[in-house]
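Make the full structure from the sequences, and use the hints.
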Amino acid sequence: AQSVTQLGSHVSVSEGALVLLRCNYSSSVPPYLFWYVQYPNQGLQLLLKYTTGATLVKGINGFEAEFKKSETSFHLTKPSAHMSDAAEYFCAPLLWGSYIPTFGRGTSLIVHP
Amino acid sequence: DVKVTQSSRYLVKRTGEKVFLECVQDMDHENMFWYRQDPGLGLRLIYFSYDVKMKEKGDIPEGYSVSREKKERFSLILESASTNQTSMYLCASKKRTSGWNEQFFGPGTRLTVL
Chain A
1 AQSVTQLGSH VSVSEGALVL LRCNYSSSVP PYLFWYVQYP NQGLQLLLKY
51 TTGATLVKGI NGFEAEFKKS ETSFHLTKPS AHMSDAAEYF CAPLLWGSYI
101 PTFGRGTSLI VHP
Chain B
114 DVKVTQSSRY LVKRTGEKVF LECVQDMDHE NMFWYRQDPG LGLRLIYFSY
164 DVKMKEKGDI PEGYSVSREK KERFSLILES ASTNQTSMYL CASKKRTSGW
214 NEQFFGPGTR LTVL
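Heads up: the sequence lines are chains A and B, in that order. In this text, residue positions in the first sequence follow my numbering: the first is 1, and each later residue adds one. In this text, residue positions in the second sequence follow my numbering: the first is 114, and each later residue adds one.
Any given hint could be a false lead.
Below, in silico cross-link-like pairs of lysine-lysine (DSSO-like), each with a Cα-Cα straight-line distance of 30 Å or less [unchecked claim]: (1) A:K49 to B:K208; (2) B:K168 to A:K49; (3) B:K166 to B:K184; (4) B:K126 to A:K49; (5) A:K69 to A:K58; (6) B:K116 to B:K208; (7) B:K116 to B:K183; (8) B:K170 to A:K49; (9) B:K116 to A:K58; (10) B:K208 to B:K184; (11) A:K68 to A:K78; (12) A:K78 to B:K116; (13) B:K126 to A:K69; (14) B:K166 to B:K116; (15) B:K126 to B:K183; (16) A:K58 to B:K183; (17) A:K78 to A:K49; (18) A:K49 to B:K184; (19) A:K68 to A:K58; (20) B:K126 to A:K68; (21) A:K78 to A:K58.
These aren't lab readings, by the way, just hints derived from the structure by calculation.
Here is the structure:
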């Protein structure tokens, strides 16, 4: 069965450090790929998405993600964490044959001063 | 500013009560969705609707039903609430034109069933 895996339910970084949130999917055909962010007590909002073309995608708030077909990955990065980045992050590939994205279990980003 | 609104942010109900969760979007989107969100489980799809009066079961439809009489409104119904339905409920909408359109989410309703 096709699925999505977010490695690490919690990731803790210091302010100013690199942020790396991992996402792997299982699909023989490259999907469309989304990252959503959920700030405390809010709904989800789109951070960035990959459809076709350039494999490095830039999103809001300085985040970016790179689609690597050979590794079936779409990891999210940010060079320097800010306290306001503390939130829940969801990877959501639109897998082959599906009409609706499949959400990962989420990764909670904790930013220490 | 586009919006998806949900009728309540917090709701407390008793076991056996019938519960209605309402969602309204102002973007003229064809597709609407109901998810529940639980710690460690991410978002799980309960029901979705392609268009008015159309509905499809998601991954966890048991104990829930939905109604879509108007394009802008999608209601989730718990026929007889149970304690295991205590959760955060999120509504979302999407333009139908293509699969890569993003979903827009409401702020969520945190439901507690006592």
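Here is what the structure says about each hint:
1. A:K49 to B:K208: holds (16 Å)
2. B:K168 to A:K49: With a Cα-Cα distance of about 27 Å, the restraint between B:K168 and A:K49 holds, given a limit of 30 Å.
3. B:K166 to B:K184: Holds, at about 9 Å.
4. B:K126 to A:K49: This hinted pair is violated, its Cα atoms lying about 38 Å apart.
5. A:K69 to A:K58: holds (17 Å)
6. B:K116 to B:K208: Holds, at roughly 13 Å.
7. B:K116 to B:K183: holds (16 Å)
8. B:K170 to A:K49: OK: B:K170 and A:K49 at ~26 Å, within 30 Å.
9. B:K116 to A:K58: OK: B:K116 and A:K58 at ~24 Å, within 30 Å.
10. B:K208 to B:K184: holds (12 Å)
11. A:K68 to A:K78: holds (17 Å)
12. A:K78 to B:K116: holds (28 Å)
13. B:K126 to A:K69: violated (47 Å)
14. B:K166 to B:K116: holds (21 Å)
15. B:K126 to B:K183: holds (26 Å)
16. A:K58 to B:K183: violated (36 Å)
17. A:K78 to A:K49: Cα-Cα ~15 Å, so holds.
18. A:K49 to B:K184: holds (26 Å)
19. A:K68 to A:K58: holds (15 Å)
20. B:K126 to A:K68: violated (46 Å)
21. A:K78 to A:K58: holds (10 Å)
Hints 4, 13, 16, 20, counting from the list given before, are not met by this structure.
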